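Enquirer: Just so you know, the protein sequences line up as chains S and E, in that order. With our numbering applied, the first sequence corresponds to residues 1 to 211, in that order. With our numbering applied, the second sequence corresponds to residues 1 to 211, in that order.
The hints are all genuine.
Where chains are identical, the list cannot tell them apart; a pair therefore holds if satisfied intra-copy or between any two copies.
Keeping only pairs whose Cα atoms sit at most 30 Å apart, straight-line, the calculated DSS-like set for lysine-lysine is:
#1 Lys131 <-> Lys119
#2 Lys4 <-> Lys155
#3 Lys190 <-> Lys131
#4 Lys123 <-> Lys139
It is worth saying that the hints were derived from the structure and are not from the lab. Note that the structure is predicted; figures quoted are calculated from it, not measured.
There are 2 protein chains.
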Amino acid sequence: MVVKVHGPAFASATRRVLLCLIEKEIEYEMLPLDMLNGAHKTPEFLKLQPFGVVPVIQDGDYTLYESRAIIRYYAEKYKSQGTELLGRTIEQRGVVEQWLEVEGQNYHQPIYDIIVQLKFHPKMGKPVDMKLVEESEEKLGKVLDIYEERLSESKYLAGDFFSLADLSHIPFTHYLVNDVGKEYMIRDRKNVSAWWDDITSRPAWKKVLQL
Amino acid sequence: MVVKVHGPAFASATRRVLLCLIEKEIEYEMLPLDMLNGAHKTPEFLKLQPFGVVPVIQDGDYTLYESRAIIRYYAEKYKSQGTELLGRTIEQRGVVEQWLEVEGQNYHQPIYDIIVQLKFHPKMGKPVDMKLVEESEEKLGKVLDIYEERLSESKYLAGDFFSLADLSHIPFTHYLVNDVGKEYMIRDRKNVSAWWDDITSRPAWKKVLQL
Numbered sequence: 001m002v003v004k005v006h007g008p009a010f011a012s013a014t015r016r017v018l019l020c021l022i023e024k025e026i027e028y029e030m031l032p033l034d035m036l037n038g039a040h041k042t043p044e045f046l047k048l049q050p051f052g053v054v055p056v057i058q059d060g061d062y063t064l065y066e067s068r069a070i071i072r073y074y075a076e077k078y079k080s081q082g083t084e085l086l087g088r089t090i091e092q093r094g095v096v097e098q099w100l101e102v103e104g105q106n107y108h109q110p111i112y113d114i115i116v117q118l119k120f121h122p123k124m125g126k127p128v129d130m131k132l133v134e135e136s137e138e139k140l141g142k143v144l145d146i147y148e149e150r151l152s153e154s155k156y157l158a159g160d161f162f163s164l165a166d167l168s169h170i171p172f173t174h175y176l177v178n179d180v181g182k183e184y185m186i187r188d189r190k191n192v193s194a195w196w197d198d199i200t201s202r203p204a205w206k207k208v209l210q211l
Numbered sequence: 001m002v003v004k005v006h007g008p009a010f011a012s013a014t015r016r017v018l019l020c021l022i023e024k025e026i027e028y029e030m031l032p033l034d035m036l037n038g039a040h041k042t043p044e045f046l047k048l049q050p051f052g053v054v055p056v057i058q059d060g061d062y063t064l065y066e067s068r069a070i071i072r073y074y075a076e077k078y079k080s081q082g083t084e085l086l087g088r089t090i091e092q093r094g095v096v097e098q099w100l101e102v103e104g105q106n107y108h109q110p111i112y113d114i115i116v117q118l119k120f121h122p123k124m125g126k127p128v129d130m131k132l133v134e135e136s137e138e139k140l141g142k143v144l145d146i147y148e149e150r151l152s153e154s155k156y157l158a159g160d161f162f163s164l165a166d167l168s169h170i171p172f173t174h175y176l177v178n179d180v181g182k183e184y185m186i187r188d189r190k191n192v193s194a195w196w197d198d199i200t201s202r203p204a205w206k207k208v209l210q211l
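Go ahead and model the full structure; you've got the sequences and the hints to work with.
Expert: Now the structure itself:
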């Protein structure tokens, strides 16, 4: 069954899902959504995703949303196909879940605020809240200091294996590094910088960027 | 092996873990942490949990933090013991993960801000940011409207079975209902109200409240 992915391919949460599907060698089809014209707020789309956000997947008659739920589902469903993304043992999966939660709870909000303010607000003609950018940069810097320490002990966040925890960071951090002049936040931290080069050199990520 | 749980038993994220351990009939021991005196910021504690927050568990030589990672770990490790909390199939688990992510990403931030402002700031002699409370109440109300609709289709969030997705909502919502005068947010929504009565009548939650 070809997995249908609703969402523009440049949206970071959609990229999180595409990256997982490619790592797991799962066939998919993009169903582009014209969010600029409000396609995510139509009654039809809200029946699939009541919060009106992307991505959503449809796999036969199975529908799922929330990018981090979708990547967990496919990493488990196709455990022995493509890249192993949950670790090999229940204990390893626990640590993958820990860092995936750190990403969702500690890393995501400040990086999201920075990207929205500096990349999207100017495009939409909205004012940029520089106070929010500064506060978010301070919060994100503290999280990255802990990552720097963690990555002195292991090559990847959950241990010596690439996992959903690393993967989940890539789409938003790509914009931080390439689009809003904040690459130094990664480069000023030696271990974070080496980790970033490693996880973004994977063929799956290069494919996502070409979509 | 008795699971050691670091954290004050009244902290909502710690309660999320305790509730799961009791539902799964897992033996545990509380290691109370005097957070008012900064015990969560000592070098010793930061070695266990570098972000300086609770809870953390130690299970033999296995250490894990982030409450939602811990509950996933125990729900999976003791799958056939106590209450089944992840659903019976991979597809059901996917839907559990979806609503657990909705809780973490959409429900948590506004309810956290309301509780911190209205319950904890007055106790700590800090000013209450009523604008933040109002904005958070509006956000939370929109999320609860979607829950109301969802709970017209199924008894619990992930389907007709109680799961981690429901469990994860209980500790913060308990404070919303009982401590900050916002019970109407639950009671004004018929299906949410019935769901709330159901999930909080479980013996495991009553035990947590007695700790």
